[in-house]
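The whole structure should be built from the sequences, with the hints applied where relevant.
Sequences listed follow chains C and A, in order.
When we follow this note's numbering, the leftmost residue of the first sequence carries the number 1, and every step to the right adds one.
When we follow this note's numbering, the leftmost residue of the second sequence carries the number 1, and every step to the right adds one.
There could be a bad hint or two in this list.
Unchecked claim - If you want the footprint, here are the derived chain A segments under chain C, 3+ residues with CB under 8 Å:
#1 21-35
#2 55-61
#3 118-128
What the hints assert, rightly or not - If you want the ones that stay clear, here's a sample from chain A, every Cβ over 10 Å from chain C, calculated:
#4 Asp-6
#5 Asp-8
#6 Gln-47
#7 Arg-49
#8 Gln-50
#9 Pro-84
#10 Leu-85
#11 Thr-134
#12 Ser-143
I should point out that these hints are in silico values taken from the structure, not numbers from a laboratory.
Glycine residues also receive a C-beta, built at the ideal position from the N, C-alpha and C atoms.
For reference, the chains in residue letters:
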Amino acid sequence: MDRIIIEGVRCFYERRSVLLKPITLLTGENSTGKTTFLAMVRLAWDACNGRVPVDFNEEPFILGPYDEVASYRGGRAGSARTFTIGTEIATKGGKPGSPARITAVFGKKEGQPALTSWSLVADDVHVKVSYGEADATPYLRISGSSGRGTAMRLPASMSERPVPEIIGMVMFSTVGELTRRQGLQKRHGHPSLSSLRDLAKAGREMLRLRAGFFQTLGSRPHAFAPIRSRPHRTYDPMRGIVDPEGSHVPSILVGLAALRPAAWNRFRPSLRSFGEASGLFSDLKVLRMGKKESGPFQIQVKISGPAFNLMDVGYGVSQVLPIVVDSLRGEKGSTFLLQQPEVHLHPKAQAELGSFLAFLAKEHRKRFLIETHSDYLVDRIRMEVRGGKVLKPEDVSLLYFERADGDVRIHSLEIDRMGNIVNAPKGYRQFFLEEEKRLLGG
Amino acid sequence: MCVIIDADVASLVFRYPPDLDFAPVFNWLTDPLRNGCLAYGGRLTGQLRQIGVVRRWLVQLDRAGRAHKSSDEEVTDEEQSVTPLCKSDDPHIIALARISGARTLCSRDGDLHQDFTNGDLVATPRGAVYQNPTHTHLLRHTSSCPQERQRRRANGRRAGSR
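Here you go:
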C-alpha cells in the first residue's frame with residue numbers, strides 16, 4: 001500500500017491522503033489519532049482484500065461501534081453518516097504514475113459499521129460494488145474508459161463473499177456470456193453486444209489488475225500491542241498463534257532452538273547482534289525442562305556472566321523481544337504496525353531499535369509504521385539517512401499529527417540527505433523549545 | 001535566509017536570557033510563529049558543540065527542523081578552495097555559507113565581516129552581517145536558502161494541484 005485514504009473517521013473529519021514509506025514515523029501529542037491511523041492501515045488492507053465483514057474490533061485496535069468510529073462533530077451534525085477508508089497501490093503491470101485506488105465506504109447498520117460500497121479505480125476501469133441497505137444484496141457497476149458501463153444486481157448469497165472474489169466470478173461469467181452472445185449475434189444480431197464487449201474488456205483488465213494487485217499488496221499488516229505480554233518464569237509449548245502482545249514468541253523460540261537447530265543458528269546471530277548493540281543482552285538461550293517436546297521450558301538471557309531467567313532481567317527485554325523476533329521472522333515485503341516500541345527501553349536501546357528497523361526496511365524490504373514519542377528512535381532513523389548507507393530520504397516519512405480547530409492535521413515532514421527536517425510547520429516541537437528555556441532559567 | 005552563528009557570539013545568543021544585541025536572533029529561532037533556521041556544519045559544528053548551552057540548543061533546534069546541518073565533507077572541501085581568498089581566519093564560515101545557502105552571519109569578528117560581505121566570496125544574494133537589533137530585518141529567508149526553496153516547491157505543488 002503506497003497511500004492511505006481516510007475520511008470521516010474519528011478525529012479525521014476531512015479527507016486525508018497520506019503517503020507511506022518503508023519507515024513511517026508517527027509523532028504528536030496524545031489523542032491526536034496516531035493509533036487510529038495505524039488501525040486504518042490494517043483496515044485499508046482488509047478493505048483492499050474486500051473482507052466482509054470488516055472487523056473494527058480486532059486486537060490491538062478496539063475501535064468500538066459505529067458511533068465511536070465515525071467522526072462526531074457535535075450538535076445537529078452529529079456523527080458522520082458514512083466514513084471512508086481506502087488505499088492506493090502502484091500495481092505490477094499497471095500504468096506508471098497511475099496507481100490503483102480502492103475505497104471502502106461504511107455506513108451504520110444495527111449500530112455497527114457495515115460496508116455500503118467498495119470501489120476500485122485503476123487505469124481505465126472503474127468498478128463499484130454497492131450493498132443494499134435492507135438485505136445487503138450486492139449491486140455491481142463496471143465501466144471502462146469510454147464511460148459506458150454495465151450494472152447488475154447479484155444474488156444476496158454473494159453479500160458475504162469478499163469483493164474481489166465477486167468481481168472475479170462476474171468477470172469469468174461475463175466473458176463466458178460474451179462468447180455465447182457473439183455466437184447469437186452472428187445468427188440474430190444483439191443490441192447490447194457493444195456494452196457487453198466494453199464490460200468484457202474492462203473485465204479482462206480487472207483480472208489482470210487483480211493478479212498484479214495481490215502480488216503488490218503483500219501479507220496483512222502485523223500489528224503489535226502498545227504493551228507486550230509480561231514474562232513468565234516457565235512456559236508451556238503452545239501453538240504459536242500470532243497475537244499482538246507477542247505471547248506466541250517464547251513458543252517460536254523453543255520451536256526454533258529445540259526442533260530446527262539449523263534455522264535457529266541462522267536466526268540467533270541477528271538476535272544477538274541487536275541485543276549486543278542495544279545493551280539488552282549478549283545472547284538468548286532456551287532451557288528445556290525435560291526431554292519431551294511438549295515439556296515446559298524457560299527463556300534465559302545472558303547479559304554478562306551467567307544467564308538469568310527472562311523474568312529476572314530488566315522488563316525492557318521481554319517488551320522488545322516480540323518486536324525483534326516477529327520483525328526478523330516476517331517475510332520480505334511485510335508491513336508492521338508498532339505502537340510505542342520504546343516502552344521500558346533505555347535511550348541507547350531505543351536508538352538501536354531505530355537502526356535495527358532501518359536495517360530491516362532496507363535489507364528485507366519490510367515496511368514499518370512506528371507510533372513513537374521517542375526522540376532517540378526518531379533521531380537514529382534520521383542519522384541512518386544522514387549516513388546515506390542504510391536509508392535514503394525518500395525511504396522515510398515523519399508524520400506529525402497536530403490538533404487544529406477540533407480537527408487533526410497530518411503534516412508530512414520531509415527529511416533531506418543530511419537527515420535535516422526541511423518542512424517543519426510553525427509550532428512543531430514548540431513545547432520542547434519552551435521547556436528548554438524554562439530549564440535554562442527562562 | 002538561514003543564519004550562521006559564529007562561535008565567538010554563540011554563547012551570547014543561546015545563554016538565558018540572551019544578550020540584548022542577539023535576543024532577536026534567539027527569538028527568531030525559537031518563536032513558534034516564525035520560521036527561523038540555523039545553518040551549521042563542518043568545523044563550526046565542533047566549535048559550537050564545545051559550548052554546553054549551545055550544544056543543548058543545537059539538539060533541540062535540530063529536532064524541531066530549525067537547525068540544518070550541511071555535509072562536513074562538502075564544507076571542508078569548500079573551505080580548502082576559499083581559504084586563499086579569505087582575509088579572516090574563518091574560511092570555514094564562508095565555506096558553510098556557500099554550501100548551505102545561508103546569507104546572514106552573527107559575528108563580532110571584523111575580518112570575517114569583510115569576507116562575508118565580499119560579493120566574490122558570498123554571492124547571489126550577497127551576505128549580510130547581523131550585529132544588533134537594528135539588523136533584525138536580516139532575519140528572513142531568501143532564495144538561496146533551503147527553507148525558501150522548500151516553501152516555493154510546496155507552493156508550486158499546491159498551485160499544480162489546483
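Practice problem: Hints the structure violates: just list their numbers, smallest first. | Solution: The structure breaks only hint 3.
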